[in-house]
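Peer 1: As you go down the protein sequences, you meet chains B and W in turn.
Going by this note's numbering, the residue at position 25 of the first sequence is 25; the numbering climbs one at a time, nothing skipped.
Going by this note's numbering, the residue at position 1 of the second sequence is 1; the numbering climbs one at a time, nothing skipped.
In case anyone wonders, no lab produced these hints; they're calculated from the structure.
Among the hints, erroneous ones may be present.
[Claimed, not checked] Chain B side only, calculated, beta carbon under 7 Å to chain W, not exhaustive:
{"no.": "1", "residue": "39"}
{"no.": "2", "residue": "43"}
{"no.": "3", "residue": "45"}
{"no.": "4", "residue": "50"}
{"no.": "5", "residue": "51"}
{"no.": "6", "residue": "85"}
{"no.": "7", "residue": "101"}
{"no.": "8", "residue": "107"}
Beta carbons are placed, not taken as given, at the ideal position from N, Cα and C, and that holds for glycine.
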Amino acid sequence: GQQLNQSPQSMFIQEGEDVSMNCTSSSIFNTWLWYKQDPGEGPVLLIALYKAGELTSNGRLTAQFGITRKDSFLNISASIPSDVGIYFCAGPQPDSGGSNYKLTFGKGTLLTVNP
Amino acid sequence: NAGVMQNPRHLVRRRGQEARLRCSPMKGHSHVYWYRQLPEEGLKFMVYLQKENIIDESGMPKERFSAEFPKEGPSILRIQQVVRGDSAAYFCASNRGNTEAFFGQGTRLTVV
């Protein structure tokens, strides 16, 4: 089945630093989604990307949909302590008919921000 | 304007018991999805339901697991005769159809 490979697995950074993480797949995705999960909570959608090459921002977050449609990256600028959490990339499985309901998730990048 | 409500938040069951996980979707949402998250893993799709119908259960284990979304009341994920390997966080999400799905806070099941 489809797999999404996220890197790095974990990151330890100082408050104020910029962060970059990415997600790759061996197969093409038509939608890329980036979620954040706080400890003990459910995932919250940060950014959705629908078009190859698309670059989208949400505050200090920026994500891009790779031209090959097999990768995506997420950048966080000027990190703050509340950025701590697990960041997941996700995309719809091919047999979901283009709907986003049946998502494949990566294993996540654990971000720790030292104040 | 409550979000997706899941209960209980934490559930402990002995091996062989039954676990019932409840999910009340957001107001106006008639589509519900269940995902399972094992420790240090991403979420894995289990089942997609609309009111009174199972649309896609391709991610559900063939035995012991069942899901329903009755006309009235919450969606229920039922696990019979639980085993240690069922220990995980179970998340429910809901939406109106092909729109953004919102996740609940999850139920953390521990089988002892």
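Peer 1: If a hint holds in the structure, say so; if it does not, say that too.
Peer 2: Hints versus structure:
| no. | hint | result |
| --- | --- | --- |
| 1 | 39 | 11 Å, violated |
| 2 | 43 | 5 Å, holds |
| 3 | 45 | 6 Å, holds |
| 4 | 50 | 12 Å, violated |
| 5 | 51 | 17 Å, violated |
| 6 | 85 | 14 Å, violated |
| 7 | 101 | 5 Å, holds |
| 8 | 107 | 5 Å, holds |
Hints 1, 4, 5 and 6 from the list above are not met by this structure, while the remaining hints are.
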